[in-house]
Amino acid sequence: MNEVIDSMPRVLIVDDDADLRRLVDMRLRMSGLETVLVADGASALEVLTTQSIDVVILDVMLPEMDGLETCRRIRQDLGLVDLTIILLTARVRGADIEAGLAAGASQYLVKPFSPRELLGRVVSSLEAAA
Amino acid sequence: MTDWYDVSNLEQQVPARHRAPAWFEDQTAPDILAEIVNVQREYVRQGDPQRMWDLLLDAALRTSFSARGFICEIEWSDRGIPSLVTRSIAWGGDGSLHPDVGLLVSQVIATDEPVFINPVEDGALPSVGIDGFMGLPLVSADRLVAVIGVSSPAVPYDRRLAGLLQPLLSTCASIVEALQASASRDRAVSELRSTASFLDAVFETAAMGIVVIDEEGRLQKANPAAREVLGLPAGRLAPLPVTCLVDRTVAARVERFVLRAVARGVNRPLSNLVVPGRRLDGAPVLLEVSVSEMQVGVDRNLVIVFQNITERVEAQRSLAKAAEVLDSTPDLVAWGSTDGSIDYLNRAGRSMVGPRIAFSDLFPDSDLARFWGAVEQAVDHGSWSGELTLVGQGGNPIPTSMVVLHQASSEGSSIALLARDLTERHELDQIKDAFVSNVSHELRTPLTSILGYLELLEEGDDLTGSQRDLVAVIHRNGDRLLHLIGQILLVASLDRSESDRRIEAVNFDELVREVLATVEVGAIQKGIRLRWDVESGAVLQTDRGELLSALTNVIGNAVKFTPSGGEVAVTTARSGSDVCLDVTDTGIGIHPADLERVTQRFYRGGLARTNEVQGTGLGLAIVEAVVQRSGGRIEIESSVGKGTTVKLLLPLADRDE
Numbered sequence: 004m005n006e007v008i009d010s011m012p013r014v015l016i017v018d019d020d021a022d023l024r025r026l027v028d029m030r031l032r033m034s035g036l037e038t039v040l041v042a043d044g045a046s047a048l049e050v051l052t053t054q055s056i057d058v059v060i061l062d063v064m065l066p067e068m069d070g071l072e073t074c075r076r077i078r079q080d081l082g083l084v085d086l087t088i089i090l091l092t093a094r095v096r097g098a099d100i101e102a103g104l105a106a107g108a109s110q111y112l113v114k115p116f117s118p119r120e121l122l123g124r125v126v127s128s129l130e131a132a133a
Numbered sequence: 317m318t319d320w321y322d323v324s325n326l327e328q329q330v331p332a333r334h335r336a337p338a339w340f341e342d343q344t345a346p347d348i349l350a351e352i353v354n355v356q357r358e359y360v361r362q363g364d365p366q367r368m369w370d371l372l373l374d375a376a377l378r379t380s381f382s383a384r385g386f387i388c389e390i391e392w393s394d395r396g397i398p399s400l401v402t403r404s405i406a407w408g409g410d411g412s413l414h415p416d417v418g419l420l421v422s423q424v425i426a427t428d429e430p431v432f433i434n435p436v437e438d439g440a441l442p443s444v445g446i447d448g449f450m451g452l453p454l455v456s457a458d459r460l461v462a463v464i465g466v467s468s469p470a471v472p473y474d475r476r477l478a479g480l481l482q483p484l485l486s487t488c489a490s491i492v493e494a495l496q497a498s499a500s501r502d503r504a505v506s507e508l509r510s511t512a513s514f515l516d517a518v519f520e521t522a523a524m525g526i527v528v529i530d531e532e533g534r535l536q537k538a539n540p541a542a543r544e545v546l547g548l549p550a551g552r553l554a555p556l557p558v559t560c561l562v563d564r565t566v567a568a569r570v571e572r573f574v575l576r577a578v579a580r581g582v583n584r585p586l587s588n589l590v591v592p593g594r595r596l597d598g599a600p601v602l603l604e605v606s607v608s609e610m611q612v613g614v615d616r617n618l619v620i621v622f623q624n625i626t627e628r629v630e631a632q633r634s635l636a637k638a639a640e641v642l643d644s645t646p647d648l649v650a651w652g653s654t655d656g657s658i659d660y661l662n663r664a665g666r667s668m669v670g671p672r673i674a675f676s677d678l679f680p681d682s683d684l685a686r687f688w689g690a691v692e693q694a695v696d697h698g699s700w701s702g703e704l705t706l707v708g709q710g711g712n713p714i715p716t717s718m719v720v721l722h723q724a725s726s727e728g729s730s731i732a733l734l735a736r737d738l739t740e741r742h743e744l745d746q747i748k749d750a751f752v753s754n755v756s757h758e759l760r761t762p763l764t765s766i767l768g769y770l771e772l773l774e775e776g777d778d779l780t781g782s783q784r785d786l787v788a789v790i791h792r793n794g795d796r797l798l799h800l801i802g803q804i805l806l807v808a809s810l811d812r813s814e815s816d817r818r819i820e821a822v823n824f825d826e827l828v829r830e831v832l833a834t835v836e837v838g839a840i841q842k843g844i845r846l847r848w849d850v851e852s853g854a855v856l857q858t859d860r861g862e863l864l865s866a867l868t869n870v871i872g873n874a875v876k877f878t879p880s881g882g883e884v885a886v887t888t889a890r891s892g893s894d895v896c897l898d899v900t901d902t903g904i905g906i907h908p909a910d911l912e913r914v915t916q917r918f919y920r921g922g923l924a925r926t927n928e929v930q931g932t933g934l935g936l937a938i939v940e941a942v943v944q945r946s947g948g949r950i951e952i953e954s955s956v957g958k959g960t961t962v963k964l965l966l967p968l969a970d971r972d973e
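Chains as they are written, first to last, in our numbering: chain A, 4 to 133; chain B, 317 to 973.
To be clear, the hints were calculated from the coordinates, so they are not data collected in a lab.
Don't be surprised by glycine CBs; every beta carbon is placed ideally from N, CA and C.
Mixed in with the good hints there might be a few duds.
As the list claims (entries may be wrong) - To give a feel for the contact side, a few chain A residues facing chain B, derived at Cβ under 10 Å:
#1 I89
#2 T92
#3 F116
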């Protein structure tokens, strides 16, 4: 994990729930990761055009532009095809998962998730990319 | 020409050898009188007309010295045509008369005069068939009643024979006349008798009640049917006023009507009047009445024919009520024959699907085969129930819950259809599902925060020992809440359509091991031995998430309901085209009375409740729903206090290949 810390990976957290945003933020920063927090899809796209981001944690249930649409735009409009995008959702039906994967999500995490499990996913995707 | 009537000439006309012997002159009136007395005495004594005929023929033969003879009685038809009936015959041979004899008899009948033929003197005899003939008419009261014919005389026939025999012939004719008259009277009497007894029989056996009312409005006669309906005693009737036999409310009107009718007569018979009647014991009875009059001599009677229609009216009323009920039910009710024609469709049915006359018009093409399959099932098993879609009036599909009933009777094979419109229920179900799903989702987000922050808290070093214990309690109950939400969400999702499932190849053993790994810690903590043999190598085509929750419930239940020191054994094995998961525990067991119901949603067996085992009552409901969706089945065997075995049988992915 040392090489990850050296290069200071940056994780973008997109969630409209402030408490949840802070929970993820705390967990990742405790492990030495750098985070950027936004509450909606439009802000997420804006961050991604201006900053270098290694992993996106994206809530599906977002106001206005939902997580799936945001995910699609990241892949298509911004062309960030290799970026790791972890979708968070409370929906667990097979059809929902397929919709998420079709929108271009790399991984899918069902709420409620353990912060420890989320960290594990982020770290393993960073290691895979490195 | 010979003068046939001149008896004095006779001897000159007849050759010597044929000359009438002395006997002819000797034949005197007393001899014939003796014959007459004989005939009458025999007839009176024997009462047998045949005896008379025989004696008469015998006398005729003897008197005329004839070898052959016969007597025919003549019966006249209404139109004056005679028909001959042979009464006595002494002809010899085969008894058949020569055609010429017929001609001679006809001559007697036509002229009412005697006919004499003596071939020896009369060369005009047309044929050789007979040797002499004498035909004599028997006339009574100007009516020819019989003809007597004799032939083959020893001596030629003497015309005086007719005169000689006349008294005997007249006597016999009178007897025949009397016989004929008495026969026709007997016929008339017996006809009358049979008519009367026929009428009596009709009166006695008629299913309709018949009563005769006299001119004072009293009951004069009543047949058995009438007595039965009105509760009248058998035997002689007391002169009962007819008003006693009708309801009080109409008694005055009936009395007026009867008195007017017997006084002036009934212009035309009245029929089909409905009259509220009253039995002698006061019980009400509804009568359908016809009235006609009968005149016997100067008396005028009323004949009242009636029928008890109480039950019929009652039946009609209950039928009308049944039809009313059928029409007021919101469900479709139809019946008809198994060949597909509809005989009845209730109001709800008509407004649902419109007026239809064939069952096949009720269903969309896509559901037609299923419908006929259902009919077949009903024919085989008496009934079928399930869900079928109807075509609405406007062509719109109507989902229904349907029952098809079959009944075979002497009138043929019929089916009844009961269908409840599920449109509204389906809409409500969707709203309910959406609600449950939304609520569950909304609950998950705050739970993520609760459980997540608890995890951070537990990972940190800031907590004291007792604080750590309290946080663990919060964490455990948060987990329980999460589990409950998961179950509810899963049940809601199981009601949804197939398209929401994500079918993929699933390694069954791997999935079972995954579940074993999650429950193992709990089992060890509880002091339960968990054994497994999971080597079936089975691959299923199914929704992994669904199956995971089913397996978690089955294995989790076994651990949950097994007390400390017990054992839970899990095995997987192929069984034909299925894979079988066998979960056997040494737990508290399921009471036989609960066994049927444990797969119902929210049902918890009595033992589960009394043993304070926590649960939602959803576990086995989920398992059964998942297994059925996968085309499999669940089998549960249990013995209270000893343990339970749950078997899940699921079809292998390659079963059809």
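A quick look at each hint next to the structure:
Against a cut-off of 10 Å between C-beta atoms, the interface hint on A:I89 is violated, since the closest Cβ of chain B lies about 14 Å away. Given hint, A:T92 at the interface with chain B, holds; its Cβ is 9 Å from that chain's nearest Cβ, closer than 10 Å. Proximity of A:F116 to chain B holds as hinted, the smallest CB-CB distance being about 6 Å (cut-off 10 Å).
In terms of the numbered hints stated before, the structure departs from hint 1 and from no other.
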